[in-house]
Amino acid sequence: MSGQIWAVVQQKDGRLQRAGRETVAAAQALARELGTTAVAVVLGDGVAGAGSELAGMALAGVRVVEHSRLGAYTPGGYLAALAPLIRAGAPAYVLFAHTYQTVDYLPRLAQELDAGLLPEALGFQKVDGELRWTRPVLGGKLHAQVRTVGEGPVLVSLQSGAFPADAVQAGSAPVEQVAAALDGVDLQREVLGIESAAEGTVDLTKAEVIVGVGRGIGGQEKLGPVEELTRLLGAELAASRPVVDSGWLPRERQVGSSGQTVAPKLYLALGISGAIQHLVGMKGSGMVIAVNKDASAPIFKIATYGVVGDLHEVVPALNQALQQRAAG
Amino acid sequence: MKIAVCVKQVPDAEARLRIRGDGAWIEEEGVTFVLNETDTYAVEEALQIAERTGGEVIAFCLGPERAREAVRKVLALGAARAVFLSEPALLGGDALATGRALAAAIRAEGVDLVLTGSASTDLGFAATGSVIAGELGWPHAWLVVGVELAEDRKSVRVTREMESGMNESSRIALPAVLQVQGGINQPRYASLKGIMAAKRKEIRDVAAGDLGIDPSRLGRAGSRLETVSVALPVSGREVEWIEGDAAAVAAALVTKLEQEAKVLR
Ligand SMILES: Cc1cc2nc3c(=O)[nH]c(=O)nc-3n(C[C@H](O)[C@H](O)[C@H](O)COP(=O)(O)OP(=O)(O)OC[C@H]3O[C@@H](n4cnc5c(N)ncnc54)[C@H](O)[C@@H]3O)c2cc1C
Numbered sequence: 001m002s003g004q005i006w007a008v009v010q011q012k013d014g015r016l017q018r019a020g021r022e023t024v025a026a027a028q029a030l031a032r033e034l035g036t037t038a039v040a041v042v043l044g045d046g047v048a049g050a051g052s053e054l055a056g057m058a059l060a061g062v063r064v065v066e067h068s069r070l071g072a073y074t075p076g077g078y079l080a081a082l083a084p085l086i087r088a089g090a091p092a093y094v095l096f097a098h099t100y101q102t103v104d105y106l107p108r109l110a111q112e113l114d115a116g117l118l119p120e121a122l123g124f125q126k127v128d129g130e131l132r133w134t135r136p137v138l139g140g141k142l143h144a145q146v147r148t149v150g151e152g153p154v155l156v157s158l159q160s161g162a163f164p165a166d167a168v169q170a171g172s173a174p175v176e177q178v179a180a181a182l183d184g185v186d187l188q189r190e191v192l193g194i195e196s197a198a199e200g201t202v203d204l205t206k207a208e209v210i211v212g213v214g215r216g217i218g219g220q221e222k223l224g225p226v227e228e229l230t231r232l233l234g235a236e237l238a239a240s241r242p243v244v245d246s247g248w249l250p251r252e253r254q255v256g257s258s259g260q261t262v263a264p265k266l267y268l269a270l271g272i273s274g275a276i277q278h279l280v281g282m283k284g285s286g287m288v289i290a291v292n293k294d295a296s297a298p299i300f301k302i303a304t305y306g307v308v309g310d311l312h313e314v315v316p317a318l319n320q321a322l323q324q325r326a327a328g
Numbered sequence: 001m002k003i004a005v006c007v008k009q010v011p012d013a014e015a016r017l018r019i020r021g022d023g024a025w026i027e028e029e030g031v032t033f034v035l036n037e038t039d040t041y042a043v044e045e046a047l048q049i050a051e052r053t054g055g056e057v058i059a060f061c062l063g064p065e066r067a068r069e070a071v072r073k074v075l076a077l078g079a080a081r082a083v084f085l086s087e088p089a090l091l092g093g094d095a096l097a098t099g100r101a102l103a104a105a106i107r108a109e110g111v112d113l114v115l116t117g118s119a120s121t122d123l124g125f126a127a128t129g130s131v132i133a134g135e136l137g138w139p140h141a142w143l144v145v146g147v148e149l150a151e152d153r154k155s156v157r158v159t160r161e162m163e164s165g166m167n168e169s170s171r172i173a174l175p176a177v178l179q180v181q182g183g184i185n186q187p188r189y190a191s192l193k194g195i196m197a198a199k200r201k202e203i204r205d206v207a208a209g210d211l212g213i214d215p216s217r218l219g220r221a222g223s224r225l226e227t228v229s230v231a232l233p234v235s236g237r238e239v240e241w242i243e244g245d246a247a248a249v250a251a252a253l254v255t256k257l258e259q260e261a262k263v264l265r
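Residue numbers (my numbering), protein chains in the order written: chain A, 1 to 328; chain B, 1 to 265.
Keep in mind the hints are simulated off the structure, nothing from the lab. In this text the structure is predicted, and so the values were computed from the model without any measurement. Don't take every hint at face value.
In silico lysine-lysine, DSSO-like type, Cα no more than 30 angstroms apart, as pairs [claimed, not checked]:
#1 A:222 with B:262
#2 A:265 with A:283
#3 A:293 with B:262
#4 A:222 with A:283
#5 A:206 with B:262
#6 A:265 with A:222
#7 A:283 with A:206
#8 A:12 with A:293
#9 A:283 with A:293
#10 A:126 with A:222
#11 A:293 with A:265
#12 A:265 with B:256
#13 A:265 with B:262
#14 A:206 with A:222
#15 A:265 with A:206
#16 B:2 with B:201
#17 A:293 with B:256
#18 A:206 with B:201
#19 B:262 with B:2
#20 B:256 with B:2
#21 B:262 with A:283
#22 B:154 with B:2
#23 A:293 with A:222
#24 A:222 with B:256
#25 B:256 with A:283
#26 A:283 with A:12
Let's have the full structure, built from the sequences with the hints guiding it.
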């Protein structure tokens with residue numbers, strides 16, 4: 001029998017979150033595929049609640065690592081808690097949600113354990129008896145099939161939504177408390193506080209219509225027609241990250257994993273390629289209309305309607321059609 | 001302060017991608033390669049810190065020969081010199097193998113701070129900087145959007161991006177590795193003078209054998225990941241294309257907005 005599959009489950013305030021359930025669902029699926037068992041690990045300060053939630057899932061075991069020094073996330077604390085556990089348990093794969101927290105410490109955990117590291121997996125399948133993972137490359141324009149080679153565990157982080165949380169199989173699992181030797185450990189980071197990233201307070205989440213602009217706009221001076229369109233539609237203007245990073249629009253208008261998550265009735269994506277970090281912020285929209293000059297842009301994979309063309313031609317024409325309609 | 005900045009050369013975001021004959025990667029012929037987006041912010045941050053502290057910036061790059069152009073660009077922007085690792089035995093690695101090699105090259109230089117971009121836009125492991133930190137035994141921070149050097153230069157106050165528009169601030173002891181996120185500054189453009197000066201700046205080529213690492217731990221040989229193939233993503237649902245000239249497209253869109261989305265009054 002191959003080694004076990006572990007799910008290291010992210011929690012917030014002692015409760016499981018969707019990302020955590022997705023990790024368990026993935027571990028259960030992979031254990032079935034490989035004919036082995038799945039174990040969940042949760043760590044933090046005051047996570048007994050998360051532990052008992054996990055106890056109601058079809059798992060071979062639940063390990064709960066409690067320590068007052070695991071209250072606020074630090075790479076040093078998480079490394080010191082997880083490395084000895086994984087070393088002793090020698091699982092074949094350890095699954096995590098691909099979040100800003102795990103991206104921060106997984107490379108170091110892999111390095112310390114001399115484990116493999118496979119970031120941002122979208123799924124797995126067996127090809128000729130061998131496990132292959134899919135992950136996005138080149139901004140999601142292509143998907144790569146990857147296999148792992150060599151000895152020792154592989155740490156895999158799973159892209160959000162890759163394994164639906166509602167696929168978790170219920171069951172009952174024994175819970176084990178695991179002690180972590182964290183006294184005197186260098187946490188590597190003294191957390192001082194958490195604050196909002198944007199200065200303003202534009203709330204995009206209430207908008208019925210959002211016009212999102214991407215790097216394809218080509219410059220701040222070219223925003224005029226898009227702003228006009230926004231007015232004509234009574235919409236809010238939003239932006240992808242490069243537009244904000246370049247200073248063309250303020251941070252408070254950024255949609256995506258680092259910005260706001262929106263679900264308007266209509267999202268117009270203009271010159272946005274559709275990287276996952278943008279999609280997570282708007283894929284819940286009712287209708288998505290994408291205008292992009294590249295027919296293979298990933299945004300078209302989630303769009304309802306697609307226009308392959310230059311936004312600098314389409315937007316003025318749309319403005320004119322809307323004005324005519326209003327006048328007529 | 002002596003600052004290392006690690007850079008990678010990647011396909012331009014606008015590049016039309018074709019899959020290579022063996023299916024395992026893209027056809028590089030005809031593709032424009034550029035400095036990785038977040039690396040441009042890391043370079044700017046490094047230059048600013050060096051200017052404030054009267055130090056120097058050394059660029060480190062691991063990549064094929066074509067990446068020498070990206071190295072020159074960093075020199076043109078103001079780095080004092082560069083270390084280039086282009087030997088085929090060093091290429092094709094995962095983040096662990098690549099980070100291992102870069103860390104060894106950086107260790108040999110003895111620097112106070114290492115900056116990298118937060119992620120490459122091609123492979124996107126977002127891990128190389130943290131691996132470098134692990135190899136050097138230094139602290140690190142990923143997704144840095146603010147750096148404030150303490151007066152005694154023994155630590156930095158770092159602002160890190162979190163999900164959903166929040167930032168975390170923390171204090172990190174130096175030396176450290178900081179993985180810089182886009183938007184932290186406004187990267188400068190290379191001046192003509194800078195471009196001319198770059199031609200005389202040193203690019204030191206470091207070979208795999210110089211690193212003091214078992215060759216089986218480097219490059220493709222040292223990688224735990226192997227790309228079997230790349231393909232266009234398959235999508236669950238099919239987009240409906242709206243075709244025609246701009247006026248026809250606009251008319252069709254107005255109908256959709258009016259009758260389906262019901263967002264026009
Ligand atoms: C940790 C992390 C967090 C991130 N957080 C976010 C986030 O919160 N939000 C976010 O958006 N991104 C985020 N990103 C960045 C993300 O990965 C992408 O880089 C970004 O979304 C790309 O923005 P874009 O589509 O505008 O630009 P590009 O990918 O450069 O796409 C521009 C598009 O415009 C098209 N185009 C060009 N000219 C025209 C024209 N004249 N007419 C029509 N189309 C045209 C091109 O074909 C291309 O598809 C994050 C990245 C990381 C690593």
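Outcome of the hint check:
| no. | hint | result |
| --- | --- | --- |
| 1 | A:222 with B:262 | holds (28 angstroms) |
| 2 | A:265 with A:283 | holds (11 angstroms) |
| 3 | A:293 with B:262 | holds (26 angstroms) |
| 4 | A:222 with A:283 | holds (26 angstroms) |
| 5 | A:206 with B:262 | holds (17 angstroms) |
| 6 | A:265 with A:222 | holds (26 angstroms) |
| 7 | A:283 with A:206 | holds (15 angstroms) |
| 8 | A:12 with A:293 | violated (41 angstroms) |
| 9 | A:283 with A:293 | holds (20 angstroms) |
| 10 | A:126 with A:222 | violated (49 angstroms) |
| 11 | A:293 with A:265 | holds (24 angstroms) |
| 12 | A:265 with B:256 | holds (12 angstroms) |
| 13 | A:265 with B:262 | holds (9 angstroms) |
| 14 | A:206 with A:222 | holds (26 angstroms) |
| 15 | A:265 with A:206 | holds (10 angstroms) |
| 16 | B:2 with B:201 | holds (17 angstroms) |
| 17 | A:293 with B:256 | holds (20 angstroms) |
| 18 | A:206 with B:201 | violated (54 angstroms) |
| 19 | B:262 with B:2 | violated (59 angstroms) |
| 20 | B:256 with B:2 | violated (58 angstroms) |
| 21 | B:262 with A:283 | holds (19 angstroms) |
| 22 | B:154 with B:2 | holds (13 angstroms) |
| 23 | A:293 with A:222 | holds (16 angstroms) |
| 24 | A:222 with B:256 | holds (26 angstroms) |
| 25 | B:256 with A:283 | holds (19 angstroms) |
| 26 | A:283 with A:12 | holds (24 angstroms) |
Checked against the numbered hints above, the structure breaks hints 8, 10, 18, 19, 20 and satisfies the rest.
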